[in-house]
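Q: Sequence:
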Amino acid sequence: MKQFFSTLILCCMIVGCSPKKETVQIETPFVWEGANLYFLLIDRFNNGNPENDSIIRRDKETGVLRNFMGGDIKGITQKIDEGYFTDLGINAIWMTPVVEQIHGSVDEGTGNSYGFHGYWTKDWTAIDPSYGTREELKEMVEKAHAKGIRIVLDAVINHTGPVTELDPVWPESWVRTGPKCSYDTYQNYIDCTLVENLPDIKTESNEDVELPPALIEKWKKEGRYEQEVAELDAFFKRTGYPRAPKYYIMKWLSDYITDFGIDGYRVDTVKHTTEDVWADFSKVCKDAFAQYKKDNPDKVLDDNDFYLLGEVYGYGLNGKRNYDFGDKKVDYFAHGFDNLINFDFKGDANKTYEEIFSNYSNALQSDLKGVSITNYVSSHDDGWPFDKKREKAFDAGTKLLLTPGISQVYYGDETARSLEIEGTEGDATLRSFMNWEDIKTNANTKNVLTHFQKIGQFRKNHPAVGAGIHKKISKAPFYTFSRTFTKGDFTDKVVIGLDLPFGKKEINVLTIFEDGTEVHDAFSGISTTVKDGKVVIDSQMGIVLLERK
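So that you can map any letter, position 538 of the sequence shown is 538 in the numbering used here, and since no number is skipped, the others follow by simple counting.
Certain hints may be false.
[What the hints assert, rightly or not] Within a straight-line C-alpha distance of at most 30 Å, the following computed DSS-like cross-link-like pairs (lysine-lysine) qualify:
(1) K180 - K147
(2) K369 - K446
(3) K320 - K220
(4) K79 - K299
(5) K351 - K294
(6) K218 - K60
(7) K351 - K286
(8) K493 - K369
(9) K487 - K471
(10) K351 - K143
(11) K202 - K220
(12) K505 - K392
(13) K143 - K320
(14) K369 - K351
(15) K328 - K283
(16) K283 - K487
(17) K147 - K283
(18) K531 - K446
(19) K237 - K329
(20) K440 - K471
(21) K220 - K351
(22) K329 - K180
(23) K143 - K329
(24) K504 - K493
(25) K328 - K138
(26) K147 - K299
(27) K493 - K472
(28) K475 - K505
(29) K505 - K549
(30) K79 - K389
[What the hints assert, rightly or not] The following label-pair restraints were derived from C-beta to C-beta distances:
(31) T133 - E422: 32 to 40 Å
(32) N447 - A146: 29 to 37 Å
(33) K389 - A443: 13 to 21 Å
(34) S474 - T517: 14 to 22 Å
(35) T239 - S418: 25 to 33 Å
(36) A476 - N447: 23 to 31 Å
(37) I439 - F502: 35 to 43 Å
(38) S358 - G503: 45 to 53 Å
(39) E231 - K294: 13 to 21 Å
(40) A443 - D395: 14 to 22 Å
Calculated directly from the structure, the hints in this document are not laboratory data. Note that this is a predicted model, so its numbers are computed, not measured. Note that CB positions come from ideal geometry on N, CA and C, so glycine has one too.
Turn these sequences into a full structure, and let the hints guide you.
A: The following block contains the structure:
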């Protein structure tokens, strides 16, 4: 034993008793606040199964781009398999509602329309056959998860679909059919219909109601009435909620969590119900997600909670935590929402990089600490997007993908899909079919796509870009900045330069990367080493995205 200790002391003298340090690689976590979210209309993205195109007869003449065009769930899965989303750096996909739509059509003043967009619900418990099947949705979610992509579905609680000759109005105990909202006070956003002939769910009610007769008849015809009723009985017994309209719908929407393991909901028309509805919906969703994880431990991606993203139309970053109705301010973040869509960004995108980045970082690190916002340059129902003529597609991509908060890439932003379609009326012009052919034949489209792919992948690989703290490094001779993010034992740091000169450029990185650190420019593919607090990149590109190699 004495000889052993002598040997040990000698060894300690030789090596200084210092154990060899090993670099432990900590896996990059998925961070919702910095996600790269792709938003698509199911019917307008990719037709994976032409056999379901006419499975429901919707053959009346419509206005331009106001009928179903064949996109479906299987088409989304095909693009997941092909790596399209992975190449774009997308780590979350939000799609329009999958639920069964009304079978008839209506004219709201912009031409006869069918519910291709998904917001005219007929049956919350069924997937619209034109979109696909339950098996196809299950496959899509599983394949997305296998590639590290989260799935966000779209939730509508505020209204049913319009009334048509094929789609009867729901009972008076469930809906109101008037008056039309006047949008001049808080209450006049809620106890009213958004537009004519769009029945408004009585979400304020806590009175027990019976199932709609038309729904009962439909379920019986489909052979699932007993199962649906048994599940409802179990839900109301477990939760103690009254059998009020909103809680029926919450149960039906939460089924997509327990049945398929979706990761979040984007919630439609948030400000058209009282905010307590969303607090309850958040609880129902989070409880369902916790139960799904418990029942499916082998399918759990991480410890993130279920995510709720709200559409409070007109909310912007400058409102901080509140939306102002004029006679009342509401903090929707305090009522279940993790994130709100930011309607300010499309205007802010006209500002300089530093104006945008510093303002957004400061807000997210102070007033909005612990929650976040989703930025977009174009969308499905915003007729005043940034760059409607698609003349600044590169600038749009740079600003969108590098601004703090979630980046929402609307399908076709990355391919400069036209937002001005001849013959359309209203929002139909924003909803053309995805321009896949342009990727093959149009050089500018391919270049825009490559731009989005490079910055998108960098964003996905570095939570610091969307969720980190922004700090300007220099304004001259060119603009550079850093982003830093820490979560537990994980730390992420990057340095970015924009509008740089082509050729050799020297970038100061001293505060982020120490001398001797090997770094990689993800935009040009060039790797180098930090020397004297600086990095030299010789590329024929005006952007540098520096990461530790």
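Q: Under the criterion that the straight-line Cα-Cα distance not exceed 30 Å, is the pair K369, K446 satisfied?
A: violated, 38 Å
Q: Against the 30 Å threshold, does the CA-CA distance of K143 and K329 hold or violate the hint?
A: Outside the cut-off at roughly 42 Å; violated.
Q: Regarding I439 and F502, is the given constraint of 35 to 43 Å on their beta-carbon distance met?
A: violated, 26 Å
Q: Below or equal to 30 Å on CA atoms is what counts here, so check K202 against K220.
A: Holds. K202 to K220 sits at ~25 Å (cutoff 30 Å).
Q: Hinted pair, alpha-carbon criterion (30 Å max): K329, K180. Please report holds or violated.
A: Holds - the C-alpha atoms of K180 and K329 are around 22 Å apart, at most 30 Å.
Q: Given the hint of 23 to 31 Å, is the C-beta distance from A476 to N447 inside that range or not?
A: holds, 28 Å
Q: Measure nothing beyond the straight line between the CA atoms of K320 and K220; if it is 30 Å or shorter, mark the hint as holding.
A: With Cα atoms ~48 Å apart, K320 and K220 exceed 30 Å; violated.
Q: Looking only at beta-carbon atoms, does the pair T133, E422 fall within the given range of 32 to 40 Å?
A: holds, 35 Å
Q: Regarding the pair K351 and K143, is the alpha-carbon distance no greater than 30 Å?
A: It is violated: about 39 Å lies between the C-alpha atoms, which goes past 30 Å.
Q: Has the given pair, K218 with K60, been kept, meaning a C-alpha gap of at most 30 Å?
A: holds, 23 Å
Q: Below or equal to 30 Å on CA atoms is what counts here, so check K220 against K351.
A: violated, 57 Å
Q: Does the alpha-carbon distance linking K79 and K299 stay inside the 30 Å limit?
A: This hinted pair holds, its Cα atoms lying about 22 Å apart.
In this structure, the hints that do not hold are numbers 1, 2, 3, 5, 7, 10, 13, 18, 19, 20, 21, 23, 25, 35, 37 and 38, in rising order.
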